[in-house]
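Chemist: If you want the building blocks of each chain, they are given just below.
Number of protein chains: 2
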Amino acid sequence: MKKAKVFAGIDIGGTNTAWGITDISGKIISKSSFKTRSQNDFSVFSSELSSTILKEVEKLGVELAGVGIGAPNANYYTGNIEQAANLQWEGSLPLRTLMEEKFKTKVTVTNDANAAALGEMLFGSARGMKNFIMLTLGTGVGSGIVCDGKLLYGHTGFAGELGHVIMVAGGRECGCGREGCLETYSSAVGIVRTTSQLLAEMRAESSMRKLPPSELSSRIIAQNAEKGDPVALEAFNFTAEMLAIAITNAVVFSSPEAIILSGGLARAGKLLTVPLEKHINDYIMPVFRGSFRVIPTGLPESDAAILGSAALAISETGKLD
Amino acid sequence: MKKAKVFAGIDIGGTNTAWGITDISGKIISKSSFKTRSQNDFSVFSSELSSTILKEVEKLGVELAGVGIGAPNANYYTGNIEQAANLQWEGSLPLRTLMEEKFKTKVTVTNDANAAALGEMLFGSARGMKNFIMLTLGTGVGSGIVCDGKLLYGHTGFAGELGHVIMVAGGRECGCGREGCLETYSSAVGIVRTTSQLLAEMRAESSMRKLPPSELSSRIIAQNAEKGDPVALEAFNFTAEMLAIAITNAVVFSSPEAIILSGGLARAGKLLTVPLEKHINDYIMPVFRGSFRVIPTGLPESDAAILGSAALAISETGKLD
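Those protein sequence lines, which keep their order, are chains A and B.
Under this note's numbering, the letters of the first sequence match residues 175 to 495, in that order.
Under this note's numbering, the letters of the second sequence match residues 175 to 495, in that order.
Keep in mind that a hint or two might mislead.
Since the list can't tell identical chains apart, any single copy or any two copies may satisfy a pair.
Okay, derived cross-link-like pairs now, SDA-like style, lysine to any residue, Cα gap no bigger than 20 angstroms in a straight line [claimed, not checked]:
id, residue 1, residue 2
1, K324, E431
2, K176, V231
3, K304, K324
4, K452, A343
5, K276, V468
6, K280, I469
Note that these hints are calculated values from the structure, not bench results.
Build the full structure now, drawing on both the sequences and the hints.
Modeler: Here it is, written out as structure tokens:
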């Protein structure tokens with residue numbers, strides 16, 4: 175009897191590495207995760223990860239048709255992870271080459287936000303869409319841009335870094351070495367910075383004044399905003415305004431039919447989306463008014479990273495055979 | 175004997191309408207132009223334009239294989255010109271439908287900056303490139319974005335309006351009804367506005383103080399900058415800085431291998447490009463450093479619009495047969 179074809183989706187993050195085995199429809203058959211820092215040597219890490227997955231494939235009695243890997247700074251063209259600041263391995267890591275040796279099947283790599291966009295296109299909120307932008311509002315801001323049904327990689331393979339559009343020349347210091355990038359404003363860390371600044375600028379009462387700045391988090395700010403804290407509400411308003419300008423600028427660039435939001439800050443829901451819609455309405459160029467929607471991710475948080483990486487494998491190899 | 179195949183390129187501008195007949199290599203066989211305002215009725219305008227070209231095709235004894243038309247606010251998908259502010263005809267104009275009735279061959283329309291980008295790709299500075307951005311720095315700022323060898327049209331057909339990315343929230347009033355758009359800073363009109371502002375802010379001597387503001391032009395500012403006028407030099411520096419931020423933001427979006435500049439302001443040459451390169455170097459995200467070039471148009475000014483529109487026809491119909 176012919177074995178059922180499956181795909182492996184792997185998400186290498188700064189803290190955890192998650193992997194799953196799915197069928198072509200995105201149904202997860204098996205999954206697991208472990209600490210990324212468990213191995214200091216990248217080739218040992220790759221070896222252990224691949225042999226764990228291959229054992230599971232054998233146990234399930236299925237055939238591995240392709241592997242997709244999402245990782246910070248992973249380049250679709252070269253297959254390498256290039257100088258990822260939040261991984262413990264330095265320099266250029268030959269991720270695809272190492273993994274293809276182990277898996278003996280096609281391995282495709284890209285960064286985590288690009289993989290997330292493919293996950294939405296195949297299994298989530300962007301099913302049937304040919305033009306959309308995925309924004310992951312976490313510690314930083316990641317993005318994956320789909321134009322005409324394909325992920326935008328550009329000349330270098332690094333296209334789609336909307337977290338690093340400059341919103342304010344000479345603005346807040348960014349981890350990328352520059353100033354005023356979107357992710358210094360409209361991320362989970364950005365809203366904490368905004369709140370610290372507003373606590374200095376505003377005179378309003380706020381229970382957040384009793385917290386040491388190092389204990390502020392986007393979650394605490396959201397909890398305070400829910401209770402009507404004026405500083406927390408203004409922090410969401412400002413965060414949403416910066417995001418609205420970035421979104422309206424992205425719309426004049428590629429004219430998507432949807433902007434899909436995911437990540438910790440997006441889970442604040444209406445606290446973010448109500449002021450966001452208002453500001454988009456104020457800033458949008460008239461010809462694009464009503465031409466796109468802002469919608470939440472259609473994937474469960476726990477599986478989104480695995481499904482994104484599996485979608486990468488499926489979109490590259492699923493049509494073969 | 176089989177007739178030689180040719181293509182018609184038509185550029186409908188606010189002032190002039192130019193047309194030309196080219197072979198598939200972009201060699202112009204015949205061309206002419208007339209005042210766009212010569213006809214108040216759009217269908218009469220279309221009729222006269224098409225019959226003039228068809229007569230020329232007959233005279234030349236060639237076969238018309240396709241027609242491309244560049245016009246302000248022309249939509250590739252619908253084939254209509256939509257509410258073009260600088261044309262005398264109002265509302266939605268069924269350009270493609272009218273023209274296909276007359277020409278009896280495939281007619282393709284898009285906006286002038288998109289056509290210019292195709293002209294560069296087939297016959298100009300972008301030959302052999304798959305990822306680049308064309309910026310036309312004229313009265314306004316137009317753009318055409320090519321990703322993976324194709325023009326970006328997006329969900330609406332209006333993608334690629336980089337003249338309307340918001341550079342400064344609450345900034346200068348723009349013709350689009352919003353504030354702070356790139357074209358209010360880095361266009362021929364933008365540098366005049368900047369110079370007026372600098373004449374108020376700076377105390378430096380400048381012979382431009384003797385001119386009524388309505389007589390200032392990008393050309394006069396360039397002439398003064400050539401002579402070392404400090405206000406004119408600072409105007410170019412500021413114009414270049416705003417353009418550099420917009421370019422570096424476009425680079426994180428689509429990672430092009432080149433930015434191609436054309437239009438009146440681009441003709442200032444090194445006055446613009448020397449400070450532009452400096453500011454790009456300051457603002458570029460490290461991962462994209464050295465990944466793209468800023469280069470001038472490769473087409474002669476007099477023929478660029480015709481060649482762009484002809485390239486549109488050739489890219490749509492040239493591969494048939």
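Chemist: Go through the copies and call it for K452 and A343: within, between, both or neither, with a Cα cutoff of 20 angstroms.
Modeler: Intra 24 angstroms, inter 15 angstroms, cutoff 20 angstroms: inter-copy only.
Chemist: Could you place K176 and V231 in one of the four classes (within, between, both, neither) given a Cα distance threshold of 20 angstroms?
Modeler: For K176 and V231, the Cα distance is within 20 angstroms only inside one copy (14 angstroms; across copies 62 angstroms).
Chemist: Within, between, both or neither: how does the pair K280, I469 come out at a Cα-Cα threshold of 20 angstroms?
Modeler: neither (33 angstroms within a copy, 38 angstroms between copies)
Chemist: Between the shortest in-copy and the shortest cross-copy C-alpha distance, which are at most 20 angstroms for K276 and V468: within, between, both, or neither?
Modeler: Close neither inside one copy (41 angstroms) nor across copies (42 angstroms); limit 20 angstroms.
Chemist: Please work out whether the CA atoms of K304 and K324 approach to 20 angstroms or closer within one copy, between two copies, in both situations, or in neither?
Modeler: Both ways: K304 and K324 sit 7 angstroms apart in one copy and 14 angstroms across, limit 20 angstroms.
Chemist: When no copy is named, should K324 and E431 be tagged within, between, both, or neither for a Cα gap of at most 20 angstroms?
Modeler: both (14 angstroms within a copy, 19 angstroms between copies)
Hint compliance for this structure: hints 5, 6 are not met, and every other hint is.
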